[in-house]
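Please work from the sequences and hints to get the whole structure.
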Amino acid sequence: MSELPKPSYIGKVRDVYDLGNSLILSSTDRISAFDVVFRQIVPGKGKVLNKISAEWFSYFKDIPNHIIETDVSKFPSPFKDHPDLKDRSVLVKKCKRIDFECVVRGYLSGSGWKEYKQDGTLAFKKLPAGLKESQKLPEPSFTPAIKNDTGHDENISEERMKNEIGSELFSILREKSISLYTRAAELVAGAGILLCDTKFEFGIWEDKVILIDEILTPDSSRYWAQESYVIGTTPPSMDKQILRNYLEKSGWNKVPPPPDLPESLIVELQAAYKEIQDRLLKCLSQESM
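Sequential numbering from 16 applies to the sequence shown in the numbering used here.
Wrong hints could be hidden among the right ones.
Heads up, simulated DSS-like pairs for lysine-lysine below, C-alpha to C-alpha not over 25 Å straight-line [as the list claims (entries may be wrong)]: (1) 108 - 89; (2) 109 - 66; (3) 109 - 140; (4) 21 - 62.
By construction, these hints were calculated from the structure, which means they are not laboratory data.
Listed below in structure tokens is the structure:
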């Protein structure tokens, strides 16, 4: 077995190998929150993310995406069949990334709820008064964020995004994002899962907009179980929000160095990731029959 080269880029939770016109994205078991990577890992997490994302890309095959190959045995050497990459890696087109996160919210939660409580707005747009935490929005809301190379990503208005990338590209990204969210939310609802919110990322490949990064994973989405959903509360999460909730109560100031995570939290995260994987894959497999 050939030695695996060092990654060309080490992200918060993924290692990237640059092959020229393509990339290998390997989902590690690292976990991050508030843009800080923790010392502990969540064993098996990377494989869960890789599998869920690959299945969603396959389900949305009508939307052009960056996937070239998901089978490591078909990767070029020396990456082919490498055990460190198996079940956690994809070979993708090397695109020009559009540096905005296309967030879609179906429910009022997280930073959206914080903004609404303070200003009565969501993504700087006025909402009706009297809404409660975790309440379903009248319609899915596009709430973009700009990706910063340093510091936290920044929530921005639709107008700012439109001004920075132009009306035509903005409209394409907004329309695709809301459509993807709506279709996914309708599908998982049949399995008793609520898709609170999620983020999509896009790139340019041969002058066309394509879907990139990961999609609808428990790292990029907030999932709730229908059976535990109560308006006016923070429903138990089936995703990385478990970690964020723990940290919000911990007193940590959200700047490095991060605190050590207790083993009980690691076990809880493992169980949540496994449960959402099982429920989502069952839902997607039934839909494809």
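These are the hints, each one checked on the structure:
1. 108 - 89: holds, 15 Å
2. 109 - 66: holds, 20 Å
3. 109 - 140: Violated: residue 109 and residue 140 sit about 35 Å apart, past 25 Å.
4. 21 - 62: The given pair, whose Cα atoms are some 20 Å apart, holds under the 25 Å limit.
Checked against the numbered hints above, the structure violates only hint 3.
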